[in-house]
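Trainee: The lines below spell out each chain.
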Amino acid sequence: MSTDVLRRNQVRVFGKGTQPMLFAHGFGCDQNMWRFMTPAFEDDYRIVLFDYVGSGKSDLSAYDPDRYGNLDGYAQDIVDIVRELDLRDVILVAHSVSSMIGILAAIAEPDRFARLVLIGPSPSYLNDPDGYRGGFERADLEGLLDLMDKNYIGWANTLSPMVMKNDERPELTRELNDSFCSTDPVIARQFAEVTFFSDNRADLAKLEVPVLVLQCTDDALAPASVGAFVASSVPRAEFRQLAATGHCPHMSHPDETIAVIREHLAAVAA
Amino acid sequence: MMAGATLDPILDRAACGYLAVDETGIVQAVNTTLADLVGRTRQAIEREHVDQLLSPAGRIFYTTHLFPLLQLQGMAEEVYLPLRAKDGSDLPVLVNGVSRDTADGVVHDLIVVPMRQRNQLENELIAARHVAEQAASAKDRFLSIVSHELRTPLAAARGYAELLLRDPSGSMSDRQRTYVQRILDSTIYQASLIEDVLDFAGQHGQRRSLDITPLATEEVVARAETLLTVRAVEEECTLRRDPTEVAGSVSGDPRAIQQILLNLGTNAIKFSPPGAEVLLTADVEGDRVAIAVADRGPGIADDQLDRIFEPFVRLDGGASGRGRGLGLGLAISRDLARSMGGDITVHSVVGEGSRFTLKLPAAT
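Those protein sequences? They're chains Z and V, same order as listed.
Reading the first sequence from the start, the letters are residues 1 to 270 in this note's numbering.
Reading the second sequence from the start, the letters are residues 271 to 634 in this note's numbering.
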């Protein structure tokens, strides 16, 4: 395994602190989604960023449809990284589907994680006849897969030329990155399937590591009731409602997101 | 721009929808064209969340792909999204967007073009592609299974023919010996055809792993020359190398390169008239190495040139009528060349001959 894991997952380590803060991106993005957040923590923590295999600049040849056919395969990426870097006392900041991936990783390696910060978690996106409201019907999610297929037609091709065009338009080069979202379309589709058809509700109770749940206002993907479900199912959880709207507060409202995480970390340290 | 502001009349009635959304997903402006498309009024859309305009799948995609692209990269192009009209029907659209800094934060300006008919066509294309992919993989599986089944009895036939030929008691007549030798030759030839099929099905089913390394071009060409010279002698042709030495290195899998050159060379020899010369050349062309095999055979008509790389396409006999085989060699060779980052090109003139060129990346 050795350095292969670090290359495979495009792992980047920086920051002046000692306690590791590991950031796990969500479906559709890569580690660049954390760029508004990390500057606030790099003086006090050791920041670790990575791309899941199949996302961003990871080694696409390492993609194995069987391994990544369920969230455990993605959790294994996190486990591989914390083992490879021998990280202890890790604060894992996880967005969206990474919340469940992070929980699976922390169940597998509880001794390495100090706490999990989950942004917009959902253990299951499907509405269940038992009364659980994930927010989506099966037909909605199948519609998403069709939509992914549709965007295949130009997805991989339109992204790289876009960057070149931006070079000619300096006003748009703000936060430009040539790999952002440039995932392999076939892999992205399988990731969508795994993300939106997984049901990890039963895993929540197995988590020993303490958790901070950040719930956005009007989140199209993870309704407030879902965040509350996570917080009440995980044994050691704190629930924080953000004023931020949407599903990506670390991109749309980084200031509030940073403040709430800092406050929480300060409180538990005291 | 604040919600409810008056839009320029040209923009308001433009032949495409226009939508401005802030970072929190609230619609800051919409034109009448888009409002009409979704069966609402501008007033009912502005200051509301963009989610109300999207199908559930569209909401997920907007949140996980389009929004991050606009937020981090500043623009997005040709994103397909299903809008949701007021009557509950889905309206397929293509979206281009750019982001813009304003005093109140970032605003994403989106241009929305309905694509009902194209959407229908794309659905058909995608469905057709799925069907074709399934058919192709079923075919490869079939080939693979059948070939494996054929290989076993053939190995037995070959083994017994070899045993017979040993004839320790010396009881076989010359005629019997000739016949057994023909049986043996045929089984060997048939085994090579089966290997081709397996190779082809294997490449398409599970990709054969290539070991790409830098190789001295001279060694590669010299090895091919040695192997091909034997065949040329058998078929009464002459194999000539020009130039006789080549410098530099090529990047590729040694086994795959030999397989390709052997295939191109064997074809050239097969289609050459007796006594003709087959020319083997190697040159450096910029960052590529070109190894070519040229023959003085019958040549290939222009309308056939595109087809010869397709699997199971065979050309007529050649001068000696030896055009037997399954027509897989070139298909396999080109697949191999491409998976090494190279390609095979062909130049041919009817009545004068053909030149097949394997181009591979030069090793740095």
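Derived from the structure by calculation, the hints contain no laboratory data.
Any given hint could turn out to be false.
Just a few of them, taken from the derived set where beta-carbon distance is under 7 Å, the chain V residues facing chain Z [said to hold, decoys possible]:
(1) Q322
(2) P326
(3) R329
(4) F331
(5) T333
(6) Q341
(7) Y350
(8) I396
(9) A397
(10) V401
(11) E403
(12) A405
(13) A406
(14) S407
(15) D613
(16) T615
Note that CB positions come from ideal geometry on N, CA and C, so glycine has one too.
Trainee: Next step is simple, just say for each hint if it's right about the structure.
Mentor: A quick look at each hint next to the structure:
1. Among the interface hints, the one on Q322 (chain V) is violated; its C-beta lies about 10 Å from the nearest C-beta in chain Z, farther than the 7 Å criterion.
2. Hint on P326 (chain V) holds. Least Cβ distance to chain Z is approximately 4 Å, under the 7 Å limit.
3. For R329 (chain V), the interface hint holds, since its Cβ comes within 7 Å of a Cβ in chain Z; the closest pair sits about 4 Å apart.
4. The restraint placing F331 (chain V) at the interface with chain Z holds, with a minimum CB-CB distance near 5 Å, inside the 7 Å limit.
5. For T333 (chain V), the interface hint holds, since its Cβ comes within 7 Å of a Cβ in chain Z; the closest pair sits about 5 Å apart.
6. Because the closest C-beta pair between Q341 (chain V) and chain Z is about 5 Å apart, less than 7 Å, the hint holds.
7. Interface hint at Y350 (chain V): satisfied, since its Cβ lies 4 Å from the closest Cβ of chain Z, which is below the 7 Å cut-off.
8. For I396 (chain V), the interface hint holds, since its Cβ comes within 7 Å of a Cβ in chain Z; the closest pair sits about 5 Å apart.
9. Taken as an interface hint, A397 (chain V) does not check out: its beta carbon lies about 10 Å from the nearest beta carbon of chain Z, beyond 7 Å.
10. A cut of 7 Å between beta carbons decides the hint on V401 (chain V): the least distance to chain Z is about 14 Å, and the hint is violated.
11. Residue-level restraint check for E403 (chain V) is violated (minimum Cβ-Cβ distance to chain Z is 11 Å; threshold 7 Å).
12. This hint is violated: A405 (chain V) has a C-beta 18 Å from the nearest C-beta of chain Z, more than the 7 Å allowed.
13. Among the interface hints, the one on A406 (chain V) is violated; its C-beta lies about 16 Å from the nearest C-beta in chain Z, farther than the 7 Å criterion.
14. Below 7 Å, beta-carbon pairs count as interface contacts, and S407 (chain V) has none with chain Z, the closest being about 14 Å; its hint is therefore violated.
15. Evaluation of the D613 (chain V) hint against chain Z yields a violated restraint, the C-beta minimum of about 20 Å exceeding 7 Å.
16. A least Cβ separation of about 24 Å between T615 (chain V) and chain Z goes past the 7 Å threshold, and the interface hint is therefore violated.
In terms of the numbered hints stated before, the structure departs from hints 1, 9, 10, 11, 12, 13, 14, 15 and 16, listed from lowest to highest.
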